[in-house]
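Protein chains in written order, with full-length UniProt numbering: chain H, 1 to 138; chain Y, 1 to 138; chain E, 1 to 138.
Hints may contain errors.
Just a few of them, taken from the derived set where beta-carbon distance is under 10 Å, the chain H residues facing chain E [to be verified]:
1. Thr7
2. Ala8
3. Thr15
4. Pro18
5. Lys27
6. Leu31
7. Gln32
8. Gly54
9. Tyr86
Think of the hints as simulated: they come from the structure by calculation, not from any bench. Think of the CB as a built atom: it goes at the ideal place given N, C-alpha and C, for glycine as much as any other residue.
What follows is each chain in one-letter form.
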Amino acid sequence: MTDTQKTALVPATHTTPPAKFSHGVRKGNILQVAGQVGFLPAVEGRPPTPAGPGLKEQTLQTFANVKAILEEGGASWDDVMMIRVYLTDVDHFAEMNGIYNAYFEEQGLTQPPAARTTVYVGLPKGLLIEIDALAVLG
Amino acid sequence: MTDTQKTALVPATHTTPPAKFSHGVRKGNILQVAGQVGFLPAVEGRPPTPAGPGLKEQTLQTFANVKAILEEGGASWDDVMMIRVYLTDVDHFAEMNGIYNAYFEEQGLTQPPAARTTVYVGLPKGLLIEIDALAVLG
Amino acid sequence: MTDTQKTALVPATHTTPPAKFSHGVRKGNILQVAGQVGFLPAVEGRPPTPAGPGLKEQTLQTFANVKAILEEGGASWDDVMMIRVYLTDVDHFAEMNGIYNAYFEEQGLTQPPAARTTVYVGLPKGLLIEIDALAVLG
């Protein structure tokens with residue numbers, strides 16, 4: 001009997017990670033999404049570029065980037081247990097929550113929403129939000 | 001055969017989350033507690049209000065809030081694998097550790113204590129500590 | 001039938017945690033490594049002392065400390081699903097990535113690299129990096 005394999009989840013449209021890590025991994029029924037930011041789909045010869053101009057566009061692109069990894073691993077938002085939101089500015093909390101609620105309303109979840117932690121940290125210049133997620137497949 | 005269900009863990013005394021997320025979720029043997037802060041039990045018509053006046057009261061209320069979610073999901077502190085502590089001030093580290101140790105001494109754990117990471121971040125005004133937790137049920 | 005046990009993973013060379021938490025825990029196939037920093041192996045009578053003088057030495061010592069816990073639990077880097085990197089300074093990102101890549105190159109992974117999130121937070125004085133990790137054994 002062979003061990004369970006760990007599979008890298010690397011959507012074709014994602015920019016290359018800045019180091020030797022996977023955008024997502026799945027092993028058995030556990031799927032971990034790496035910290036995603038609001039980078040637009042990769043364009044050859046262009047450095048990673050965040051959606052803009054504001055928090056809303058970055059957040060929605062970040063969600064899209066997380067979702068693409070979930071789907072690459074055969075999962076959906078319904079499987080997500082934990083969403084970690086990193087913001088750079090406490091004053092973005094209310095706006096982010098509005099974007100968050102509208103987004104998940106549209107996703108039509110059939111299971112309860114994931115747990116969440118939001119904290120305020122530093123991020124590389126130009127990035128307003130980063131999100132990672134842990135999913136357990138059913 | 002139906003998929004494993006994800007269950008929302010929402011203690012009756014908890015304040016409503018500020019967005020569409022669950023205070024805790026359980027799926028199979030995995031239980032994730034969302035970031036909890038030191039909000040006192042909800043009182044209708046009163047905005048979420050942290051215990052006070054100091055770090056000790058907030059920390060103990062935060063622990064109580066985490067514990068209520070664990071229990072809602074059929075778990076206890078003994079099942080917790082990871083505790084993430086977010087403080088706003090490095091100078092609170094020693095005091096928090098003292099509160100932490102005394103609290104877990106009183107809980108009478110029968111299994112080894114969870115792993116922990118503590119980092120210093122920004123939190124909304126008035127909050128000194130936030131804690132989330134990952135548990136694996138036995 | 002007894003419940004699955006939670007086992008504490010406490011390498012003999014590690015400094016004592018500053019509070020009642022375990023450097024690592026394993027329960028079933030889940031292994032969680034607590035936040036590790038670049039402390040050199042413990043020397044009796046000496047307070048915990050980070051490797052130095054720079055980011056490279058601290059990072060490599062931190063990796064060694066994480067790895068010792070993984071091995072104590074019967075795991076290896078190949079089992080790691082998620083690595084959380086906490087830096088204190090955005091300007092350390094590129095250097096850390098170089099150290100990270102060289103380190104994992106040397107480890108000779110046979111499975112895809114873990115997912116990763118890097119954020120910038122406060123850490124106790126003298127510490128430049130903290131890392132924790134979640135592993136799923138195969």
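Here is what the structure says about each hint:
1. Thr7: It holds, given that the least Cβ distance between threonine 7 (chain H) and chain E is near 7 Å, below 10 Å.
2. Ala8: Alanine 8 (chain H) check passes; min Cβ-Cβ to chain E is 3 Å, inside 10 Å.
3. Thr15: violated, 14 Å
4. Pro18: holds, 6 Å
5. Lys27: holds, 5 Å
6. Leu31: Holds, about 9 Å.
7. Gln32: Constraint on glutamine 32 (chain H) satisfied, holds at 4 Å.
8. Gly54: violated, 21 Å
9. Tyr86: holds, 5 Å
The structure does not agree with the numbered hints 3, 8 stated previously, though it agrees with the rest.
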